[in-house]
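Asker: We have chain A; now place chain B onto it with these hints.
Here the protein sequences come in this chain order: A and B.
Counted from 1, the first sequence has number 455 at position 278 by the numbering used here; the numbering is strictly sequential.
Counted from 1, the second sequence has number 291 at position 248 by the numbering used here; the numbering is strictly sequential.
Calculated directly from the structure, the hints in this document are not laboratory data.
Just so we're clear, the structure is a prediction, and the values are computed from it rather than from any experiment.
The beta-carbon is built from N, C-alpha and C at its ideal position, and this holds for glycine as well.
Wrong hints could be hidden among the right ones.
Claimed, not checked - From the structure, some residues in chain B lie toward chain A, with a derived Cβ separation under 8 Å: (1) Arg145; (2) Leu160; (3) Pro161; (4) Met171; (5) Val172; (6) Ile198; (7) Glu227; (8) Pro273; (9) Tyr277; (10) Gly303.
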Amino acid sequence: MKGRTGLRGRAAALALLPIYFTALVFVVGPLAYMLALSFLSRAETWGVELTFTVRNYLGILAPVYLQTFRQSLRLAFLCTTLIALIGYPFGYFMARLPQKWRRILSFFLVIPIWTSSLMRLYGWIIIFRAGGVLDSLLMKTGVVQQSLKLLYTYPAVVTGMVYVLLPFMIYSVYASAEKMDWNLVEAARDLGAGKMQAFFTITFRLTMPGLLSGVVLTFIPSMGLFFVADILGGNKVVLVGSVIQEQLMKAHNWPFAAAFSVVLMILTSLLIYLYRRITKVRDLEGLV
Amino acid sequence: MSRRVAGKGRKRMKRNRNSPFPAIYLGLVLLLTYLPLLLVMLYSFNAGRLSSVWEGFSLSWYRELFRDRSIFEALRNSVVLALASSLAAAVIGTLGAVGMARTRYRTNGIIEYLSTLPIMIPEIILGMVFLAFFSLIGLPFGMTSLIIGHTIFCIPYVFTMVKARLAGMDPSYVEAAKDLGAGELRAFWDITFPLLRPAIVSGMLISFAMSMDDVIISMFLTDVNVNTLPIKIYTQLKTGVTPKTNALCALMFAFTLVLGLLSLWISQNGKAAIAAGNGDRGEKEQRL
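So that you can see chain A by itself, here it is in the shape it has in the complex:
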């Protein structure tokens, strides 16, 4: 075939070298090491010992960690549901706007994604703090008599998580709603379908990849973003991510942290696999 021989082929092969290198050394390497590490045991004082064990995995089955998994999964479910309920209509309405407005809106949506999530969470501290913005507002209007003490509670963590991850859902839904052929909806309506029927048989199905991609993009981080739970939840809400961070940085139990990561990784891969099976789309919709 023309263009695939001689120097041309060699130049292209050379261009591939860096990405092959980074993928094999800095992606496969670390992940493989994590897997290996999860089967090693912890040394008495520091580091790891080269003896095979499954104790780390059995350790996860301890009630306290199972509880963490349950709690973390529940939070992730709750947040993802809320995000989908808020984000789906947003993405849908946005896709129906005229071109000019769509561009303006997507600009305003990208800015929060690009802004430090810490700064965005900080805003919620100001709102939730005892005697903060929300408190003074509610007390002035007489809705409540005393401080709600919302900071460092479960609802605060949920709010923060929803807030940080919402733009990703909106983008995913918007990405698939935007390229949808709206004539199909018109056709369904002309054939006598009601508003709701047309929505569920056409729009909802065609935007499913976007919605599911949004679910993957929000569900996975909401188990790992320990700093949200840290900043807005005090230490009352423990995520899977918090355990990994603690085991790694404080307890220095690397094999256990690795085993925890492997389990979380399997859960993640399962989600992505399901996404691909259901939607038959390889890349996550609206990821970039």
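Answerer: Okay, now just chain B, sitting in the frame of chain A:
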């Protein structure tokens, strides 16, 4: 018959009538998205020490901020890190995407999967595996490990965007250049690269923003001597904030805004270039 048609016409008009609900909904969610950011910025001008009780307008926190050397050091670190890793990711990602478009190695698929994996797995796992792996191979922690880690999670952004742009590109331009006697490299520099430039730049801008914002991975990969801005803010949020933190956030937000406008401008220009040369197909990267 004519009555039915007329009825249908009315129905369609009713269908297209603008209900105010979508606009209100979009506005409300957007307002809530920006409210915390605006509050953070507002309180940066607070005269008092507390970041949630308003005590009058003052610029003293900005003065204080500019006197703090450690903040500038963190800022410098963050900018160096973001620049280095987005540049490295741009080179590796672009070469990789171009190389894969021109070769048919059976391994390309798996390398592509591995290279884009870092944005699909939870950051906490990425941080953990990098930490473990880097200490295994004896890589010094600090700027080097940070740059490598950030490069790895930035590559997917550039790669995916360049790949999308390549898929929408008409191969006949390169063919034409070659028929006119251009060598492989010449054709790449004169034809392919200029057409890819908007995608590369968009990918780099996202990479830059993601790197500037990253807390989790940086926390694992840095040592005590190298602070980045997000790490600095995180520490302050955990140990106690003053409006100085607000001032810092406000400046960072202004910076993000400039970056966002820049990217908007570039994608607009890129669109014009594509439209002029190639029909309008490179849609994907214009979204961000």
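Asker: None of the hints should be skipped; say for each whether it holds.
Answerer: Status of the hints after comparison with the structure:
1. Because the beta carbon of Arg145/B sits about 4 Å from the nearest beta carbon in chain A, less than 8 Å, this interface hint is met.
2. Given the 8 Å rule on beta carbons, the hint for Leu160/B holds: about 6 Å separates it from the nearest Cβ of chain A.
3. For Pro161/B, the interface hint holds, since its Cβ comes within 8 Å of a Cβ in chain A; the closest pair sits about 7 Å apart.
4. A hinted interface residue such as Met171/B counts as satisfied when its beta carbon comes closer than 8 Å to some beta carbon of chain A; here the least separation is about 5 Å, so the hint holds.
5. The beta carbon of Val172/B comes within 4 Å of a beta carbon in chain A, closer than 8 Å, and the hint placing it at the interface holds.
6. A cut of 8 Å between beta carbons decides the hint on Ile198/B: the least distance to chain A is about 6 Å, and the hint holds.
7. This hint holds: Glu227/B has a C-beta 5 Å from the nearest C-beta of chain A, less than the 8 Å allowed.
8. Here the hint on Pro273/B is kept, as its CB sits about 6 Å from the closest CB of chain A, short of 8 Å.
9. Because the closest C-beta pair between Tyr277/B and chain A is about 6 Å apart, less than 8 Å, the hint holds.
10. Taken as an interface hint, Gly303/B checks out: its beta carbon lies about 5 Å from the nearest beta carbon of chain A, inside 8 Å.
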